[in-house]
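Colleague: So the protein sequences, as listed, match chains Y and B. For reference, each letter of the first sequence is one residue, going 1 to 111 in the numbering used here. For reference, each letter of the second sequence is one residue, going 112 to 223 in the numbering used here.
Certain hints may be false.
[Stated by the list, open to error] With a straight-line cut-off of 30 Å between C-alpha atoms, the simulated DSS-like cross-links for lysine-lysine are:
(1) B:Lys168 / Y:Lys67
(2) Y:Lys42 / Y:Lys2
(3) Y:Lys56 / Y:Lys2
(4) B:Lys168 / Y:Lys2
(5) Y:Lys42 / Y:Lys98
(6) B:Lys168 / Y:Lys70
(7) Y:Lys98 / Y:Lys2
(8) Y:Lys98 / Y:Lys67
(9) Y:Lys98 / Y:Lys56
(10) Y:Lys2 / Y:Lys70
(11) Y:Lys56 / Y:Lys70
(12) Y:Lys98 / Y:Lys70
(13) Y:Lys56 / Y:Lys42
(14) B:Lys120 / B:Lys168
(15) Y:Lys70 / B:Lys120
(16) Y:Lys2 / Y:Lys67
(17) Y:Lys42 / B:Lys168
(18) Y:Lys70 / Y:Lys42
(19) Y:Lys67 / Y:Lys56
(20) Y:Lys98 / B:Lys120
(21) Y:Lys67 / B:Lys120
[As the list claims (entries may be wrong)] Partner residues aside, some chain Y positions facing chain B, computed with beta carbon under 10 Å:
(22) Ser12
(23) Met34
(24) Gln38
(25) Arg41
(26) Pro44
(27) Glu45
(28) Ser53
(29) Tyr71
(30) Leu99
Since the hints were derived computationally from the structure, they do not count as laboratory data. Yeah, the Cβ is synthetic: ideal placement off N, Cα and C, and Gly gets one too.
Chain by chain, the residues run as shown.
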Amino acid sequence: QKEVEQDPGPLSVPEGAIVSLNCTYSNSAFQYFMWYRQYSRKGPELLMYTYSSGNKEDGRFTAQVDKSSKYISLFIRDSQPSDSATYLCAMSFSNDYKLSFGAGTTVTVRA
Amino acid sequence: DSGVTQTPKHLITATGQRVTLRCSPRSGDLSVYWYQQSLDQGLQFLIQYYNGEERAKGNILERFSAQQFPDLHSELNLSSLELGDSALYFCASSVAQGNTQYFGPGTRLTVL
Numbered sequence: 001q002k003e004v005e006q007d008p009g010p011l012s013v014p015e016g017a018i019v020s021l022n023c024t025y026s027n028s029a030f031q032y033f034m035w036y037r038q039y040s041r042k043g044p045e046l047l048m049y050t051y052s053s054g055n056k057e058d059g060r061f062t063a064q065v066d067k068s069s070k071y072i073s074l075f076i077r078d079s080q081p082s083d084s085a086t087y088l089c090a091m092s093f094s095n096d097y098k099l100s101f102g103a104g105t106t107v108t109v110r111a
Numbered sequence: 112d113s114g115v116t117q118t119p120k121h122l123i124t125a126t127g128q129r130v131t132l133r134c135s136p137r138s139g140d141l142s143v144y145w146y147q148q149s150l151d152q153g154l155q156f157l158i159q160y161y162n163g164e165e166r167a168k169g170n171i172l173e174r175f176s177a178q179q180f181p182d183l184h185s186e187l188n189l190s191s192l193e194l195g196d197s198a199l200y201f202c203a204s205s206v207a208q209g210n211t212q213y214f215g216p217g218t219r220l221t222v223l
């Protein structure tokens, strides 16, 4: 079993729809949770960063962490074709700064 | 643009050869991380340096080594290359040993 599980999709939605992405993890010691966006053949770009449980909102993006369920989510409201990319969840421990990544979910937003 | 630079963008070489990948972190960042991204393994942590010192190691092969120089740039050396080493290699940096890591554009390595 992988430490971080993420459905690779692909996920295709119409423009304006809400995109819902999620990851599950097995190690309850993870404390920091991140979402990265990666366009084809580019480097991952940090979207959201959350410590421990709770919600965080930034513009059209909302990140949720439920540590009791070992489950994190990313919601993208009013999706645009420019949101078409691969979305990677990542997490780390409090005293170990290497990131453990999910496999990434490929999202296509249709105009 | 994250501010992290990596050279070269592409590298094509043969099995058994040795290559060096270079990374310059964002201005002011002291910590550098190296990751490998392949189709079958996804993004995997290789190694971390902080202000010139090695701080953490992941599943890095013995054929691979890295260092961080006094000007804080870092190099990843890959030797005795195998076909399976073909991948995207990313460098990331952070201000301290924090978790907000910013990634460079990557070096695509192709081993023929």
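Colleague: Give a verdict on every hint.
Modeller: Here is what the structure says about each hint:
no.	hint	verdict
1	B:Lys168 / Y:Lys67	26 Å, holds
2	Y:Lys42 / Y:Lys2	24 Å, holds
3	Y:Lys56 / Y:Lys2	26 Å, holds
4	B:Lys168 / Y:Lys2	19 Å, holds
5	Y:Lys42 / Y:Lys98	20 Å, holds
6	B:Lys168 / Y:Lys70	25 Å, holds
7	Y:Lys98 / Y:Lys2	16 Å, holds
8	Y:Lys98 / Y:Lys67	19 Å, holds
9	Y:Lys98 / Y:Lys56	22 Å, holds
10	Y:Lys2 / Y:Lys70	13 Å, holds
11	Y:Lys56 / Y:Lys70	17 Å, holds
12	Y:Lys98 / Y:Lys70	19 Å, holds
13	Y:Lys56 / Y:Lys42	25 Å, holds
14	B:Lys120 / B:Lys168	24 Å, holds
15	Y:Lys70 / B:Lys120	37 Å, violated
16	Y:Lys2 / Y:Lys67	17 Å, holds
17	Y:Lys42 / B:Lys168	24 Å, holds
18	Y:Lys70 / Y:Lys42	29 Å, holds
19	Y:Lys67 / Y:Lys56	14 Å, holds
20	Y:Lys98 / B:Lys120	24 Å, holds
21	Y:Lys67 / B:Lys120	38 Å, violated
22	Ser12	21 Å, violated
23	Met34	7 Å, holds
24	Gln38	9 Å, holds
25	Arg41	7 Å, holds
26	Pro44	5 Å, holds
27	Glu45	7 Å, holds
28	Ser53	16 Å, violated
29	Tyr71	19 Å, violated
30	Leu99	6 Å, holds
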